[in-house]
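Trainee: Top to bottom, those sequences are chains A and B. Numbered per this note's numbering, the first sequence spans residues 107 to 905. Numbered per this note's numbering, the second sequence spans residues 4 to 213.
Just so you know, not all the hints are guaranteed correct.
To be verified - Some chain B residues near chain A, calculated using beta-carbon distances under 10 angstroms:
no., residue
1, C100
2, A102
3, I107
4, G109
5, G124
6, E126
7, T129
8, V144
9, V148
10, C156
11, N189
12, A194
What the hints assert, rightly or not - Under 8 angstroms between C-beta atoms, here's a sample of chain A residues computed to sit facing chain B:
no., residue
13, D115
14, T395
15, Y809
16, P823
Since the hints were derived computationally from the structure, they do not count as laboratory data. For glycine and all other residues, C-beta sits at the position ideal for the given N, C-alpha and C.
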Amino acid sequence: MAERLVGADISPPDLRAKITGRARYAEDFRAPGMVFMKLLLSPMPHCRVRNVDTSRAMALPGVIDIMRASEVGEPSDRPSEEMLTDEPKYEGEPILAVAAVDEETAAAAIELIDLDLEPLPFVLDPLDSLRPGGPNAYVGGNQFSGQDGWTEYKWSQAEFDAIERGEMPNPLDMPVQWEKGDVDAAFAEADYILTEPVVHQSLTHHPMEPRSTMAYWENGRPFVYVSTQSAQRTKMSMAGALDVDPEEMTFVAEYCGGGFGSKIPGHTHMALAPRMSQKIGRPVMHRVTRYEENYIGRARPGFQSWVKMGFRADGKVTAIDLIIVQESGAYGASDYNSAANIADLAFTPENMRFRGVSMYTNTPPKAAQRGPGGAQIISMLEPLHDKGMREVGVDRLQGRFLNAPVEGATFGPRNSELTSIHAREALMEGAEAFDWETKIAMSGQREGSKVYGVGFGLSPFTAGSRGYDGLMVIRPDGRLYVYQGVGNLGTHSIADTVRPGAELLGLNWDQVEVIWGDSSRGMPRTSIQAGSQTTHAHTRANYAAAEDALRKIRLVASRRLGGSPNAYNVDNGVVSGPGGRMSFAQVAEAAIQMGGELDGSTLPDTISERETVPAAQRLAGQGLMGVATDNYGGSGSIYSWQSGFALIQLDHETGVVDILEYVGWADCGVVIHPRSLNAQQLGGSIQGMGMAMTQRWVFDSRYGVPFANRLYTARPPGFHDVPLQMTAGAVGIPDPQTPIGAKGIGEPSVGAGAAALNMAVMDAMGGNCLCRTPLTPDIILAELEGRPGPWNRLEQLVG
Amino acid sequence: MAELESVGVLEKKYSRRTFIKGVIATGATVSSASYIVPGPNGLRAATVQSSTERLITLRVNGQDRRVDVLPHETLAMTLRYKLNLTGTKLGCDRAECGACTVLIDGVNQYGCSILTHQVRGREVTTIEGLEDADTGELSVVQQAVMDEGGFQCAFCAPGFIMSMTAMVNQNPNVTREEARHALSGNLCRCADYDKILTCAMRAAELARSV
């Protein structure tokens with residue numbers, strides 16, 4: 107019997123390259139004659155370029171050329187991001203690019219460029235832009251629609267007066283609003299109502315690898331080396347940006363040093379190096395520094411919110427009224443919509459009203475960041491829910507259990523359904539692993555100046571999609587070659603999504619080769635690597651291709667050996683049945699001789715003609731081909747769940763939080779790779795702790811420039827910020843709507859980690875909810891000492 | 004890493020003052036471009052700083068390597084762009100993340116914050132130098148990471164592995180708590196810290212059995 111592949115800890119096939127220095131990330135590629143490109147970043151948060159004098163820069167020996175905005179895009183008054191711009195909307199937005207023989211000369215040339223800039227009004231904090239007469243991020247206004255163009259959206263003074271009085275504002279015409287049930291009636295009947303303003307900060311993604319790119323052209327064809335989460339999808343967007351046939355381009359993305367949502371289908375500025383290379387006829391390296399990454403590397407949008415929650419005496423949440431003002435940066439974001447849906451899903455209020463507005467601001471662009479919207483709202487609402495439980499006198503954990511959804515729950519304005527929900531199991535199994543009874547007894551206990559706090563969170567997020575293609579070939583060496591279009595962003599999904607299909611074919615792992623990261627090898631139509639969908643989407647796609655391969659193996663065996671195809675079975679690289687046995691090597695050779703669909707000479711018309719067909723045509727005739735589309739179907743959205751439990755100590759003298767223990771527990775269906783699953787859970791949870799505590803966005807409000815623009819000023823958690831030992835596990839109940847039973851898990855962990863930490867800090871402060879992030883010592887101390895901090899409680903960026 | 008490094012040692016290793024002193028000693032000026040890379044061989048133009056390269060010999064991974072180096076060039080840049088040792092990563096350019104960690108005479112140091120001229124006559128080891136060049140055998144730390152399936156995106160991995168190597172060489176009896184301290188100069192943005200510590204403990208175990 108071949109080994110079990112699903113559920114085993116198998117180190118991914120790229121690990122040896124990663125730990126010997128052979129793995130090549132974008133900035134590790136070289137080409138003969140390669141030159142360097144640097145960007146001139148806007149020194150102002152909003153301005154218009156009146157004139158650029160490049161004569162001194164061009165006179166510098168070694169400078170090759172300069173590229174301006176007009177060469178890479180059309181001026182537009184729409185809020186759409188271009189690679190370069192003559193009207194920067196945030197400090198750090200690239201204005202032009204310089205190519206020179208070395209990076210030092212390029213940087214020196216940037217210093218020699220004379221810029222004549224016209225400063226324009228700017229706004230950092232969305233509430234400032236909402237005020238009557240307040241500034242707008244764009245000259246035309248602060249809201250944009252294709253139909254109406256630019257408009258201004260302002261709240262009346264009455265809303266700000268209400269905010270001043272500590273009340274929830276009541277704007278009646280928010281750009282996004284929906285309501286279900288009867289919210290007002292539910293509040294009228296509620297036994298306890300809680301109303302709080304809550305602020306969630308914006309924060310930079312800061313993947314460890316900055317978004318560098320290397321590119322060159324040969325015979326009119328581009329060769330690009332990119333840092334991206336996805337591969338095939340990024341190839342398609344790069345081809346669009348360069349206006350070339352995707353099959354004419356060689357696209358290499360073998361490794362990605364993290365993205366967390368900031369490099370989903372690549373990124374806006376990845377096309378600059380190939381465009382510059384096209385212009386100057388030389389290979390171009392665009393090395394992005396950490397400082398530049400802060401500006402062009404994307405950030406999570408912050409929320410200024412008001413939450414009203416109604417509770418029944420037994421702890422049931424009966425109504426939620428939620429307002430979100432989103433800090434959307436220069437080019438918009440949509441987190442607030444998923445935040446509202448997830449609030450409804452996670453707490454099942456049955457009566458819910460959401461009002462939201464996305465506000466353009468002159469801050470670095472926002473993008474999905476691991477658990478977009480969901481991480482923020484879970485981090486914000488779990489402490490409030492906990493406060494509600496304290497007020498109505500219901501056990502904190504039992505109350506959360508009561509309000510968690512069960513199978514059949516629907517959510518959001520369209521009453522969406524899910525394929526499976528095991529949220530309560532994730533919560534209670536996590537609690538058991540955490541030893542809830544012992545830990546909760548420690549809550550509030552004091553050791554010197556330090557007080558124990560216990561917190562938890564239960565966080566859902568999307569975890570799958572359907573309908574992509576799988577492509578694999580069994581070659582005459584008897585091995586299975588699986589062609590992956592998924593990106594290699596550190597989740598191990600290039601290999602793990604292959605396992606169920608390889609198991610179906612009865613193969614041991616050492617009989618399987620995964621081919622990824624180079625479009626010239628062949629990439630089928632693939633999902634983006636975002637929304638934690640890859641595990642679900644591509645175990646299915648590869649399984650479909652494996653089923654196709656299995657059908658063809660049996661067909662070959664029955665033709666050669668006689669008998670019915672279905673009488674043949676596969677195991678250990680051998681097919682055997684009534685007529686005898688053939689090795690996969692022999693099967694592959696026979697398939698090539700027989701041709702037709704068996705070796706991919708003819709292809710099914712169900713696969714993507716634009717993407718999978720060209721990839722399969724490259725491989726036709728090399729062996730027995732399995733190629734198919736995921737037609738397994740299914741109904742409902744695919745979500746996974748993550749619970750997280752934290753025990754902390756808060757030092758009431760210093761405001762410093764020490765996280766002592768953390769447990770994460772997932773509902774993500776069948777577990778394919780336990781060790782990697784645990785790493786995703788714990789890593790994501792720690793990112794959530796960084797989001798809640800250590801990463802702080804600080805701006806100079808007068809000049810509109812960020813202060814926290816490096817790792818040490820917006821610090822991701824390090825070793826000393828996290829517990830010495832952490833625990834993770836999974837419920838393991840299969841999702842019934844996918845043949846593999848597995849769902850993704852990358853994203854919900856961020857909200858769980860952040861919520862657990864936020865709630866634990868609240869617990870260590872005697873149930874006093876700070877209701878804002880980041881929980882830095884100065885903010886905590888100001889609250890403990892009952893004095894106003896150096897910030898306005900609702901301020902977004904000066905946390 | 005049973006005992007903490009004294010502040011004085013840390014200052015000598017990493018301080019801006021030491022770095023600038025090195026720059027002054029080599030006759031260059033520090034500008035905003037001082038962390039920037041020189042071009043590949045044969046492409047250099049006279050730069051605004053009028054600095055000139057000097058041919059020096061470095062001892063890297065047990066080999067003598069002759070290389071043209073600018074006075075203000077950092078070791079990470081020389082390794083990556085002159086010697087094609089791209090396993091040493093640049094994550095932040097200035098001593099915040101540890102992705103560029105290499106060993107200098109067996110001590111883990113940030114390659115972005117040490118000048119190439121400062122390591123003349125010293126033994127430089129990079130991630131490429133850990134594997135046995137003849138047999139392909141992995142070092143104990145690399146083997147530990149293979150055993151435990153360490154790292155996610157792994158951009159930080161070379162730096163962590165170099166720090167772990169220095170750690171187990173110095174103290175194969177390291178505890179989990181001590182390992183956390185020894186590795187705290189390296190950041191992992193995937194936050195795979197729990198598994199990295201497990202790798203470190205496995206590495207120590209392997210080191211003890213060698």
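Trainee: Against each hint, give a clear statement of whether it holds in the structure.
Mentor: Hints, verified against the model:
Hint on B:C100 holds. Least Cβ distance to chain A is approximately 6 angstroms, under the 10 angstroms limit. The criterion of a C-beta within 10 angstroms of any C-beta in chain A is met by B:A102, whose closest approach is roughly 6 angstroms, and the hint holds. With a cut of 10 angstroms, the hint placing B:I107 at the interface with chain A is violated, because the nearest CB-to-CB distance is about 17 angstroms. Evaluation of the B:G109 hint against chain A yields a violated restraint, the C-beta minimum of about 18 angstroms exceeding 10 angstroms.
Taking 10 angstroms as the C-beta cut-off, the interface hint given for B:G124 is violated, the closest approach to chain A being about 24 angstroms. Hint status for B:E126: violated, given a least beta-carbon distance of 17 angstroms to chain A, over 10 angstroms. Interface hint at B:T129: satisfied, since its Cβ lies 7 angstroms from the closest Cβ of chain A, which is below the 10 angstroms cut-off. Using the Cβ-Cβ criterion of 10 angstroms, the hint placing B:V144 at the interface with chain A is satisfied: the shortest such distance is roughly 8 angstroms.
Of the supplied interface hints, the one on B:V148 holds, with its beta-carbon coming within about 5 angstroms of a beta-carbon of chain A, less than 10 angstroms. A distance limit of 10 angstroms between C-beta atoms decides the matter here; for B:C156 the minimum to chain A is near 3 angstroms, and the interface restraint holds. About 8 angstroms separates the beta-carbon of B:N189 from the nearest beta-carbon of chain A, less than 10 angstroms, and the hint is met. Given hint, B:A194 at the interface with chain A, holds; its Cβ is 4 angstroms from that chain's nearest Cβ, closer than 10 angstroms.
Taking 8 angstroms as the C-beta contact cut-off toward chain B, the hint placing A:D115 at the interface holds, the least distance being around 6 angstroms. Because the smallest distance between the Cβ of A:T395 and any Cβ of chain B comes to about 5 angstroms, under 8 angstroms, the interface hint for this residue holds. Hint status for A:Y809: violated, given a least beta-carbon distance of 19 angstroms to chain B, over 8 angstroms. With a least beta-carbon distance of about 6 angstroms to chain B, the hint placing A:P823 at the interface is held under the 8 angstroms criterion.
The structure does not agree with the numbered hints 3, 4, 5, 6 and 15 stated previously, though it agrees with the rest.
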